[in-house]
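K.L.:
Residue numbers (the numbering used here): 10 to 390.
Rather than coming from a laboratory, the hints here were simulated on the basis of the structure. Built from N, CA and C at the ideal position, the CB exists for glycine as well. Each hint should be verified, as a subset may be incorrect.
In silico DSSO-like links for lysine-lysine, alpha-carbon gap of 30 Å or less [what the hints assert, rightly or not]:
1. K317 / K298
2. K356 / K317
3. K166 / K65
Restraint-style ranges between C-beta atoms, simulated for each label pair [unchecked claim]:
4. A32 / R239: 41 to 51 Å
5. K166 / N221: 34 to 44 Å
6. A49 / Q365: 28 to 38 Å
7. R315 / N102: 21 to 31 Å
8. Q365 / R193: 13 to 23 Å
9. A322 / D48: 43 to 53 Å
10. A301 / A49: 48 to 58 Å
11. Q162 / A28: 22 to 32 Å
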Amino acid sequence: MLPSPPPSAAETRARLAAAVQAAPQDPRAYLRLALFDRDANNLPAAEQELRALWHKFPRFAEGPYQLGLLYLNLGQNDEALAPLQAAARLLPNQADPQVMAGLACFRLERYEEARRYVERAIRKNPQAAAPYLLLARIYSNHGTAKQSMQALQAYLKRAANPEPGYYLLARMYYRRADAANAERYARRALDSNPNNPDYWAILGHIYAELNNGARVQEGIESYEKALELRPDDGETQAALGRAYMQRQQWQEAIPHLQAALHDSPDAGPLCYTLGQALLRAGRTEEGQKMLAQYRAYQGYTRESARLKRAIQAAPRDRARRYALARLCLSYRQFGAAEAALRETAQKLGADATLRQLLAQAQGERQQQAQKPGLAATQPVR
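With the hints as constraints, model all of the structure from the sequences given.
P.N.:
This is the structure we're talking about:
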């Protein structure tokens with residue numbers, strides 16, 4: 010007798026939904042359905058189900074924990090924070106929820122709060138590697154190089170997979186212009202995983218920027234390898250363009266700088282670099298147009314600086330903060346707008362205006378990515 014075929018995805022989901030109906034007081038039934046939808050990439054349904062699970066069973070920690078992880082994976086860091094904080098409160102003796110809450114805080118630039126979560130995770134499980142890696146990242150942004158390196162060494166002693174630690178050490182030595190140590194750790198990271206574009210990109214920076222021009226060609230080759238693995242990386246496109254400019258290969262630089270400008274909504278300074286490359290390549294009209302965009306960006310930075318001084322003088326004045334966010338939006342500086350709004354929410358709390366501006370910034374950022382050639386520095390008329 011032939012075995013029965015496995016159930017289809019639709020049949021499996023129907024069974025999980027029926028289990029929820031049959032056991033409405035069992036939170037794990039709700040969780041199984043939500044995780045099935047998550048794994049099937051039905052993310053709107055998974056989000057709705059996890060939110061309902063958290064609401065119906067507020068003491069069941071897996072609900073907010075999985076909801077927060079879903080938001081983190083989607084890059085929705087503001088939405089991730091509250092459920093992960095709730096999970097960390099419900100599971101104070103488990104390290105992983107503390108680390109994930111710390112990661113959400115880190116992404117929102119709430120570094121002191123992130124550090125407290127990570128240190129709590131280390132107290133609960135001092136042999137776990139992940140908390141030390143996040144602690145190193147926190148100290149790299151909000152601490153000292155010595156603190157970050159100490160955390161990285163603690164991570165390397167515990168990690169089954171040391172490559173992220175090698176990569177962060179390579180970045181730190183690169184920032185300190187220590188080419189030899191930076192290359193050593195970048196090579197260790199690549200030995201562990203030769204298909205990671207970040208590792209090739211940092212090696213490109215080391216070769217192109219730290220060796221007095223002697224290894225620019227090796228930098229170019231490293232950037233090209235990074236772009237083979239991740240073609241839509243605007244930062245690496247810009248770095249490759251600048252590396253070609255070091256060799257006075259203007260025509261080769263231009264398409265990479267153009268790709269970087271298109272991929273970044275906050276690419277004002279790139280307009281100057283691209284303008285110079287176009288002029289040196291003899292493409293005068295295009296170069297002058299790009300430099301005009303850069304001058305518009307300079308106008309934005311001057312007005313932005315004025316508004317930031319006004320905010321410092323009256324930090325609880327929402328109107329000044331929203332004026333800064335609107336200025337950023339008018340020049341399509343969406344990352345800067347979101348950063349200003351996140352800071353406002355952190356210091357003053359969210360209101361309807363803040364939520365509307367944040368939604369506008371996120372929506373227009375998505376639209377920008379779909380409009381080739383739209384300058385990120387020209388004000389909206």
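K.L.:
Okay, which hints does this one fail, numbers in order?
P.N.:
3, 7, 8, 11
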